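Colleague: Based on the provided sequences and hints, a complete structural model is requested.
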Amino acid sequence: MQKKQEKYLSLLHDETSLALGCTEPGAVALAAAYAAAVLEEEVQKIKIIVSSYILKNGMNVGIPGTGMSGFSIAAAMGSIGKNPEKGLMVLNGISDIEIQKAKEMVKKNIISIDLAETEEKVYVEAQVTSKNHYARAVIKENHQNLVLLERDRKKIFERKAEELYEKNSQKNLENYDMTLKEIVNFVKSVPEEELKFLEQILQTNQAIAREGMRGNYGLKVGYSMLHGQKTGLIGGDIATYASAMAAAAADARMSGCELPVVSTAGSGNQGITATVPIIEIGEKLGIKQDKIRRAAALSILFTIHTKQYLGRLSVLCGCSIAAAMGVGCGIIFMKDGTYEQMCHTVSTMVADISGVVCDGAKPGCALKIATAVESAVRAANMALNGKGAGGQDGIVCEDVEATLSNLGILGNIGMKNTNRMILKMMLQKQKI
1 MQKKQEKYLS
11 LLHDETSLAL
21 GCTEPGAVAL
31 AAAYAAAVLE
41 EEVQKIKIIV
51 SSYILKNGMN
61 VGIPGTGMSG
71 FSIAAAMGSI
81 GKNPEKGLMV
91 LNGISDIEIQ
101 KAKEMVKKNI
111 ISIDLAETEE
121 KVYVEAQVTS
131 KNHYARAVIK
141 ENHQNLVLLE
151 RDRKKIFERK
161 AEELYEKNSQ
171 KNLENYDMTL
181 KEIVNFVKSV
191 PEEELKFLEQ
201 ILQTNQAIAR
211 EGMRGNYGLK
221 VGYSMLHGQK
231 TGLIGGDIAT
241 YASAMAAAAA
251 DARMSGCELP
261 VVSTAGSGNQ
271 GITATVPIIE
281 IGEKLGIKQD
291 KIRRAAALSI
301 LFTIHTKQYL
311 GRLSVLCGCS
321 IAAAMGVGCG
331 IIFMKDGTYE
341 QMCHTVSTMV
351 ADISGVVCDG
361 AKPGCALKIA
371 TAVESAVRAA
381 NMALNGKGAG
391 GQDGIVCEDV
401 EATLSNLGIL
411 GNIGMKNTNR
421 MILKMMLQKQ
431 KI
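Residue 417 in full-length UniProt numbering is what sits at position 417 of the sequence shown, and the numbering runs on without skipping anything.
These are computed hints drawn from the structure, not numbers from a lab.
Be careful, since some hints might not be right.
DSS-like, lysine-lysine: derived pairs with alpha carbons at most 27 Å apart [stated by the list, open to error]: (1) K47 to K4; (2) K107 to K387; (3) K103 to K131; (4) K7 to K45; (5) K335 to K387.
Label pairs and their calculated CB-CB ranges [said to hold, decoys possible]: (6) D393 to G364: 19 to 29 Å; (7) K288 to L115: 43 to 53 Å; (8) D96 to Q392: 56 to 66 Å; (9) E42 to K4: 49 to 59 Å; (10) S112 to K429: 17 to 27 Å; (11) K284 to G228: 13 to 23 Å.
No experiment lies behind these values; they were computed from the predicted model shown.
Glycine is no exception: its CB is placed at the ideal position from the N, C-alpha and C atoms.
Modeller: So this is what it looks like as structure tokens:
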């Protein structure tokens with residue numbers, strides 16, 4: 001048990017990280033920063049090459065502090081800041097003068113965005129040119145994983161294939177023997193002090209939810225839900241409140257809010273969805289902080305677990321399919337429910353919202369998050385009352401792990417062409 005606790009704790013630490021802005025443009029900015037940092041001259045040209053999943057997920061999302069969206073401004077800012085050591089916080093600390101310089105780079109049309117010919121879901125390449133030098137940085141497998149850095153065609157750094165396998169926890173998850181049952185056992189038994197680091201994660205993500213409620217961000221989904229009750233169309237229950245707060249966080253983040261979030265399994269919106277409803281519901285119900293942290297750990301770990309089946313990036317919405325189901329399990333935990341009730345919650349949610357697709361990061365993500373959190377509360381409430389979807393409901397199986405496996409098959413095999421079609425539709429609407 002001690003060894004498994006250490007592995008789950010390591011996973012919690014490794015798969016939660018601070019990020020400013022959307023992780024896909026963040027990865028582009030990070031690659032540009034790596035390349036520009038070794039160039040040692042003023043950048044004259046930038047070429048960004050990304051996988052179809054990265055392109056889809058980042059082309060319409062706001063970049064903090066700029067009033068602009070997309071990869072070009074992110075790449076420009078990364079190349080100017082030259083701070084790759086910041087990871088996905090690489091856009092933090094860029095001055096107003098530097099932002100203006102980045103905007104001028106975009107206007108000069110010296111930054112190009114191309115689609116990579118690769119089956120990799122996470123692939124970002126930055127080629128940066130100056131008057132006398134050339135540099136290239138490649139990020140692969142996850143959003144911060146630098147695998148190659150070159151200057152004038154000479155390798156400065158390279159991560160070998162076997163090192164990639166060891167580093168990438170997403171590919172190495174089988175060593176954790178992850179199941180929902182094992183996650184629940186861990187959450188119940190882990191010493192309280194081991195999870196205290198989650199307090200900062202919860203506070204960080206709650207802060208951007210509060211900001212989303214205050215500011216004029218995106219579609220104002222969260223604000224509309226919380227302040228639109230006078231129409232009589234929306235109730236004032238906990239489900240609405242939790243959904244609204246999670247949506248407000250996404251409203252802010254997708255519209256370029258300058259507050260950071262703590263991501264889960266490589267996604268800030270997954271981090272928001274997995275944590276904000278837990279702390280908001282927990283506080284509304286008067287749950288003790290230790291129990292809220294344990295519920296958050298359960299939600300985060302279940303998100304990571306489900307992403308094992310779906311992949312790092314997926315045609316299925318990770319917030320709806322993974323993170324919100326984690327929330328449902330966390331609610332059951334806070335209400336002293338059983339493992340079986342968590343299984344019922346997951347099954348009901350799969351029967352409810354398994355078909356929600358990812359059509360990129362954008363302000364409308366707040367809508368999907370609101371829907372998913374409401375589904376989580378509804379499914380948990382049903383489970384606590386002895387009801388849940390079962391083997392007669394479509395792709396739902398009696399065994400929860402078999403149900404999750406079906407989700408993975410649906411997303412990775414059954415919908416293989418869907419991602420290409422979604423990207424094609426998005427590209428037809430705008431010139432990159």
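Colleague: Which hints from the list above does the structure break, by number from lowest to highest?
Modeller: When the structure is compared with the hints, numbers 1, 2, 4 turn out to be violated.
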